[in-house]
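Chemist: Take a look at the letters that make up each chain.
2 protein chains.
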Amino acid sequence: MKKIYFAGSIRGGRQDADLYGEMIAFLEKRGCRVLTEHVGSSFLQEEGESTMTEEEIFRRDMAWLSDSDMVVAECTTPSHGVGYELGRARDMSKPVHIFYAPDRGRLSAMLAGDDRFVLHPYLSHEELFEALDKVISGNMGQ
Amino acid sequence: MKKIYFAGSIRGGRQDADLYGEMIAFLEKRGCRVLTEHVGSSFLQEEGESTMTEEEIFRRDMAWLSDSDMVVAECTTPSHGVGYELGRARDMSKPVHIFYAPDRGRLSAMLAGDDRFVLHPYLSHEELFEALDKVISGNMGQ
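Chains as they are written, first to last, in the numbering used here: chain A, 1 to 142; chain B, 1001 to 1142.
Chain A with its partners taken away, still in its complex shape (with noise of 0.2 Å):
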C-alpha cells in the first residue's frame, strides 16, 4: 500500500480545505494509505491542532514525511508550512507532485523552478483529479 504525505495549508489559510479533503478521500478510495488525513478534515481549522505542542506536531510530521512513499501537494493557497516540507522532502528525495489552480495565483518559483518537482497545474475539478488518478497509478512522472 502506498504511503502519501498529503500538504495542505493549514495556518496559512483553509479556504482550500474541503478541496483538500477530496483529494484525500480519493487517494484513499484508490487504495493509497494517506498519513496526514487531518489536512482535510473541516474540523481543522486556521489556529491548527490544539491538543499537541509545535515541536510535537512538528516531530510527528517529519516522522510522517520520512515514513512516505510519494508527497502530493496543493499549493494553491500559500503556506510556510508546505513549503518547508517541499524543500526537506526533496533533501530526502521524495518523489514530489505539486497540484495548483494557476487563475487562483502564481506558483513560488522555489517549487516552479525547480526540476525536482513534477508539476500539475489544473483548471478544472475534472483535470486535477484525473491528473492525480494518473500519479497514482504510477503512470506520470517519478
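Simulated from the structure, these hints should not be mistaken for lab results.
These numbers come from a predicted model, not from an experiment.
Some hints here could point you the wrong way.
[Claimed, not checked] Just so you have them, the derived chain B footprint on chain A, three or more residues with Cβ under 8 Å:
no.: 1; stretch: 11 to 19
no.: 2; stretch: 42 to 53
[Said to hold, decoys possible] With beta-carbon atoms standing in for the labels, derived distance ranges:
no.: 3; chain 1: B; residue 1: VAL1118; chain 2: A; residue 2: ARG116; range: 25 to 31 Å
no.: 4; chain 1: A; residue 1: LEU123; chain 2: B; residue 2: ASP1069; range: 26 to 32 Å
no.: 5; chain 1: A; residue 1: SER93; chain 2: B; residue 2: PRO1095; range: 22 to 28 Å
Each residue gets a CB set at the ideal place from its N, CA and C atoms; glycine is no exception.
Chain A is fixed; fit chain B onto it per the hints.
Modeler: Okay, now just chain B, sitting in the frame of chain A:
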C-alpha cells in the same frame, strides 16, 4: 562581511514589502551584505521577476542560499517559497532566524516546532529591530 540570505514573501503577497526593505536596509547599514536585496524592493510585485525564467530564479536563489552565512526570514505573510528556502537552509545547516508578528497570524508548526530555528516574535517595530540588531551582533541564538 557577513552574507545574509533574506527571505520574504513575493508571490504569497507583497503586503510586508516595505518592512522587508527596512530590514534589508538596516542589515546593510550594519555592514552585512544582503544577497537577496530585491526582496525588499517596492518595484517587485506579486507577479515576481519578469526578466528571468523560473529555473533561472531558482538556480540563482539556491546559489545565494548555499553561499550565505545566515538566513534572516520575515514570516508573517505565508509563502511557499520562504518555507521551501527554510527547509533547504536547515538541510544545509545554515543558522536561521525567523521574525514574525504573532498578532497578525500564527506561525506554521513546521517553523515553530523545529528546534534548529531561532524564533523572534515581535509586537512592535522597535522590538523587531532590537532583536535584528542582536542577531547580527552575534549576541543571540546560533
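Chemist: Hint by hint, work out which the structure violates, then give me just those numbers in ascending order.
Modeler: Per hint list: single violation, 4.
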